[in-house]
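Could you put together the complete structure from these sequences and hints?
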Amino acid sequence: MDREGKEKQKKEGFSVARMLEERGVSRRDFLKFCSTVTAAMALPATMAPKVAQALDKVQRPPLVWLEFQDCCGDTEALLRSANPTVGELVLDILSVDYHETIMAAAGHQAEANLEKTVKEFQGKYLCVVEGSIPMKEGGAYGCVGGKSHLARARQVCGSAAATIAVGTCASYGGIAAAAPNPTGAVGVKEAVPGATVINLPGCPCNADNLTAVVVHFLTFGKLPSLDSHGRPLFAYGKRIHDNCERRPHFDAGQYVEHWGDDAHRKGHCLYKMGCKGPATFHNCPTQRFNEKVSWPVAAGHGCVGCSEPQFWDTSPLYRRLPNVPGFGIEQNADKIGLAFAAGVGGAFAIHGAMNALRKDKDGASENQKDGEE
Amino acid sequence: MSDKKFKQYIWELPVRWCHWVNVLSIVVLAATGVLIGNPVFIGSSTDAYLMGWIRFIHFVFAYAFLVSVITRMIWTFTGNCYAGWREYFPFMGAAGRAEMKEVFDYYTFRSKHPPETTGHNPMAATAYFGVFCLYWFMILTGFAMYAEHAPGGTMHSLLKPVYVLMTTQTMHLYHHLVMYLIFGFVINHVYSAWLMDIKEKGGEISSMFSGYKFTTSPYAVCKSRLWDFFPWKSKK
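Protein sequences, first through last, are from chains A and B. Quick note: the first sequence, position 286, residue 286 per the numbering used here, numbers continuous. Quick note: the second sequence, position 94, residue 94 per the numbering used here, numbers continuous.
Everything labelled a hint here was simulated from the structure, so no lab data went into it. No incorrect hints appear here.
Pairwise CB distance ranges (calculated): (1) A:A178 - B:F129: 36 to 44 Å; (2) B:A150 - A:H258: 28 to 36 Å; (3) A:G352 - B:I42: 38 to 46 Å; (4) A:K292 - B:I42: 27 to 35 Å; (5) A:A178 - B:T154: 30 to 38 Å; (6) A:G343 - B:M155: 34 to 42 Å; (7) B:T76 - A:G123: 50 to 58 Å; (8) B:F129 - A:A339: 24 to 32 Å.
We put the CB at the ideal spot given by N, CA and C, even for glycine.
So, in structure tokens, the structure goes:
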């Protein structure tokens, strides 16, 4: 925002609607955005005007965006689109205070901005976290501005009104936490147990869900209801499998057997190619990515389960079941199980043969030689 | 030991029913379960609903199995002494342990005296305790995976501890592995029943249909405790 705009805002008071208007977004587009975001939050359509009213009146809450052990993928997902959507503009307007990747400020100036926000808006600002927090060696594995990630997370997330953990790393440690987890990477909630955290796992997190959470917070002044993993129910309340466009093929028994086979070309179910849709909670099939263009299963690749805890260690990408702990990677549960059952069968066959040959002592054993009655 | 045997009513009707409902459920659940895990069939058209029906059968028998296991557990408190819960912990008493050793020695060819048991063979009863634990593991993981179609629903809320202990993928893995443990048990169980039917000559196998076993003790009768709960009907 330029200086002129800031002064104008001081004079007239800030409103998201006015801000959008200045950026060339019509009232009609704004109301359309309010309707879609209301739908994304799984609220009834009658709530849309209330969302619009709330956004009209909202005071600009400061938002800071921290990056820890991350690949910047969530920022990329948010920024990379030819035409910024209304939702992205809303986030853009909100996120000016501090964002390591896109802020103009640098060095001491940037750190001073962050300090200022944390001090002046204690308990009022929103914090978005991207990336996991290394806990080993007192958090020595990562630092920004001379402070460890852990210290920054405690300071900034601890005094925020709410912290939104975007992406799987910030939610549960993610790729950096994969065994043997050399840096002791954990998600925000584990690193700062006292903070109010909402998790938006996914690799990357869907920007639409982030927008919806922010709008929910602005409209109702609180976070949406969460599941046991701290994820908003509106986005993580249903399995991918249950809303998948390939689901009829699953129920019909039509499966892709090899990449590029006839079934794959016809768009059949990817269950046998290791799709984790049946074990993954996310709204990818309905919300999709990049302005609802596509999502992995629509593109012909199975879900990898990126929004589930431990997905990086428990799920081979192209196999239905996890590997059996303690066995080689080429073994699977069914091979091991069949070998076990065969072993038991063999053992008892030998036992049976030995019994056929044995002679019992008491009277009850006179005519048991043939062994079958 | 004499050859004289006495016909005794050992397995009451609910015990036999639960046994055979378990047998049928395990067979159907294993067959459909293997197909769900590794569908080898091909639906001819999109409206075939093959997997749909297989999963439906799996769920119906899952409920049948659950009802059977719960009924059998209730019967350990209401049935006769051979069905009672104490039967499953023979290793808790000195007499039970001695009996168990006798059976163990016979199984491992260290003794030549086929053991005589009236109700459960103590080795078998111990295995049944183990297999009941496996049943509950399968029921809990199975219904936990099933309940994920409606998160926040009654079943999902009731099974919350399961979700805390395991991720969905882990549940799938162990649901597979424990099936093979149950296969191992079934092989052992059928073999042992066949073996003891021959060695004991007590009608071990047919007793699971008729309820009657032939025992060396004439004083093996013990009545169901069900009538303790309905005293007005206990005139017999």
